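There are 2 protein chains.
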Amino acid sequence: MKIAVLGTGMVGRALAARLAELGHAVTIGTRNPDETLARTGDDAFAAWAAANPAVGLAAFTDAASAAELAINATSGGAALEVLALAGQENLTGKVLVDIANPLDLSAGMPPTLFVKDTDSLGEQIQRAHPDALVVKTLNTLNASLMADPAKLGEASTVFVSGNDAAAKATVSGLLAEMGHQDIIDLGDITTARGTEMLLPVWLRLWGALGTPEFNFKIVR
Amino acid sequence: MKIAVLGTGMVGRALAARLAELGHAVTIGTRNPDETLARTGDDAFAAWAAANPAVGLAAFTDAASAAELAINATSGGAALEVLALAGQENLTGKVLVDIANPLDLSAGMPPTLFVKDTDSLGEQIQRAHPDALVVKTLNTLNASLMADPAKLGEASTVFVSGNDAAAKATVSGLLAEMGHQDIIDLGDITTARGTEMLLPVWLRLWGALGTPEFNFKIVR
Numbered sequence: 001m002k003i004a005v006l007g008t009g010m011v012g013r014a015l016a017a018r019l020a021e022l023g024h025a026v027t028i029g030t031r032n033p034d035e036t037l038a039r040t041g042d043d044a045f046a047a048w049a050a051a052n053p054a055v056g057l058a059a060f061t062d063a064a065s066a067a068e069l070a071i072n073a074t075s076g077g078a079a080l081e082v083l084a085l086a087g088q089e090n091l092t093g094k095v096l097v098d099i100a101n102p103l104d105l106s107a108g109m110p111p112t113l114f115v116k117d118t119d120s121l122g123e124q125i126q127r128a129h130p131d132a133l134v135v136k137t138l139n140t141l142n143a144s145l146m147a148d149p150a151k152l153g154e155a156s157t158v159f160v161s162g163n164d165a166a167a168k169a170t171v172s173g174l175l176a177e178m179g180h181q182d183i184i185d186l187g188d189i190t191t192a193r194g195t196e197m198l199l200p201v202w203l204r205l206w207g208a209l210g211t212p213e214f215n216f217k218i219v220r
Numbered sequence: 001m002k003i004a005v006l007g008t009g010m011v012g013r014a015l016a017a018r019l020a021e022l023g024h025a026v027t028i029g030t031r032n033p034d035e036t037l038a039r040t041g042d043d044a045f046a047a048w049a050a051a052n053p054a055v056g057l058a059a060f061t062d063a064a065s066a067a068e069l070a071i072n073a074t075s076g077g078a079a080l081e082v083l084a085l086a087g088q089e090n091l092t093g094k095v096l097v098d099i100a101n102p103l104d105l106s107a108g109m110p111p112t113l114f115v116k117d118t119d120s121l122g123e124q125i126q127r128a129h130p131d132a133l134v135v136k137t138l139n140t141l142n143a144s145l146m147a148d149p150a151k152l153g154e155a156s157t158v159f160v161s162g163n164d165a166a167a168k169a170t171v172s173g174l175l176a177e178m179g180h181q182d183i184i185d186l187g188d189i190t191t192a193r194g195t196e197m198l199l200p201v202w203l204r205l206w207g208a209l210g211t212p213e214f215n216f217k218i219v220r
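In order, the protein sequences belong to chains A and B.
Counting from 1, one number per residue, gives the positions in the first sequence under our numbering.
Counting from 1, one number per residue, gives the positions in the second sequence under our numbering.
Think of the hints as simulated: they come from the structure by calculation, not from any bench.
Note that the structure is predicted; figures quoted are calculated from it, not measured.
Cβ coordinates follow ideal geometry from the N, Cα and C atoms, glycine included.
Honestly, I wouldn't trust all of these hints.
Unchecked claim - Here's a subset of chain B near chain A, in silico, CB distances under 10 Å, partners left out:
hint, residue
1, P110
2, R127
3, I184
4, P200
5, E213
To be verified - To be clear about the criterion: a stretch of chain B counts as covered by chain A if any three or more of its residues have a C-beta under 8 Å from a C-beta of chain A, and this derived list gives those stretches:
hint, region
6, 44 to 54
7, 113 to 122
Whole structure, please, built from the sequences with the hints as guidance.
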């Protein structure tokens with residue numbers, strides 16, 4: 001499948017590398033590819049790109065227009081702006097996977113959520129892109145486990161929320177390819193409120209356990 | 001241990017019966033014992049009390065004053081009022097286990113939370129009773145599994161939040177007696193924000209799975 005991963009951060013890179021490894025044609029979207037490649041530092045994108053030659057890099061709009069499925073891997077606060085740059089017309093009729101969390105870091109740690117309880121980032125994205133098929137998923141575990149949950153050595157759970165059953169089936173197929181064995185369909189996109197509100201306890205668990213390498217499993 | 005369970009509902013009954021079965025001296029607290037025993041209907045307290053003769057019934061203030069440890073098993077919205085009736089002087093220096101959730105059902109289903117993200121019911125209770133040792137726990141699973149988690153056939157996780165390490169150790173001991181094998185200490189009482197915010201996804205999972213007989217397990 002032709003996949004656009006919108007976002008050049010750790011989460012976007014982890015998913016892009018994994019999906020490319022699985023045989024998908026993956027392009028990472030960014031504001032300005034030249035500027036992204038010119039960045040220096042320990043986690044410079046150019047070095048990562050050189051180690052992952054199968055993954056392309058393009059402007060948000062080009063990545064989205066060429067893709068069959070797009071993944072919002074931006075920080076939550078940038079999501080609506082980035083998706084606007086990708087272009088509503090480039091997302092029409094396509095599956096738009098939202099893996100971001102609405103974290104508000106403006107008041108320091110721990111972060112709060114800039115939308116919650118009566119609305120969610122997933123719903124904001126669906127309203128902003130009514131012709132895209134938004135599926136919220138993977139926002140409840142860290143990047144390395146999103147891409148390769150088998151690392152934990154025990155099956156754990158991921159959730160999907162969205163209004164379109166076929167879109168959720170497509171996304172569940174990708175999740176299964178990555179190794180997710182327990183995928184719970186929570187219902188329509190309003191159920192993203194629940195998974196986004198998992199973040200506060202996830203952050204406290206990271207603190208208590210001393211590692212982000214854990215995941216929720218729904219035992220039943 | 002002499003334990004007061006404040007609240008005559010399903011959650012209070014399940015915990016009271018289990019703790020009595022384990023050999024504790026349990027008294028359920030209520031506003032007016034005579035009125036509570038006079039109620040009729042399918043889930044009348046009098047019938048339950050007849051089947052559970054080891055569990056006492058007393059006014060909130062009497063139950064709390066006689067107890068070494070008190071459990072807030074009220075609905076979240078009633079918690080502060082009930083604890084005021086129990087009496088601040090009757091809770092001083094005692095472990096106060098808060099298992100309630102701040103559910104707001106005023107706008108119908110699904111409920112929202114009347115406090116969240118920057119504060120929690122657990123913190124509200126601790127502020128209202130500064131001399132009590134508040135421990136938030138058990139608010140992330142249903143009553144029957146709170147009391148007997150072994151029913152699931154697989155170990156799952158419960159959380160404790162509180163400012164006093166000795167109080168958390170006491171509560172963790174009770175949890176272990178009831179069969180909880182994986183107890184994660186999240187930190188101080190502010191970490192109750194995280195576990196209270198689990199409720200929205202818990203409610204959606206109930207809908208998706210068709211049963212409340214499930215629990216979170218933290219796989220790591």
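> Can the hint on R127/B be confirmed by a CB-to-CB distance to chain A that is less than 10 Å?
Replying inline: violated (19 Å)
>> Please check whether P110/B passes as an interface residue: C-beta within 10 Å of a C-beta belonging to chain A.
In response: At about 8 Å, which falls below the 10 Å cut-off, the nearest Cβ of chain A leaves the hint on P110/B intact, so it holds.
> Can the hint on P200/B be confirmed by a CB-to-CB distance to chain A that is less than 10 Å?
Replying inline: Result: holds, 4 Å to nearest chain A Cβ.
> For the region 44 to 54 of chain B, does the count of residues with a C-beta closer than 8 Å to a C-beta of chain A reach 3?
Replying inline: violated (count 0)
>> Can you tell me if the region 113 to 122 of chain B counts as covered by chain A, using C-beta to C-beta distances under 8 Å and a minimum of three residues?
In response: holds (count 4)
>> Quick check on the hint: I184/B CB to chain A CB, less than 10 Å?
In response: With a closest approach of 6 Å, the I184/B hint holds.
>> Next item in the hint list is E213/B. Is there a CB on chain A closer than 10 Å to its CB?
In response: holds (6 Å)
When held up to the earlier numbered hints, the structure conflicts with 2 and 6 and fits the remainder.
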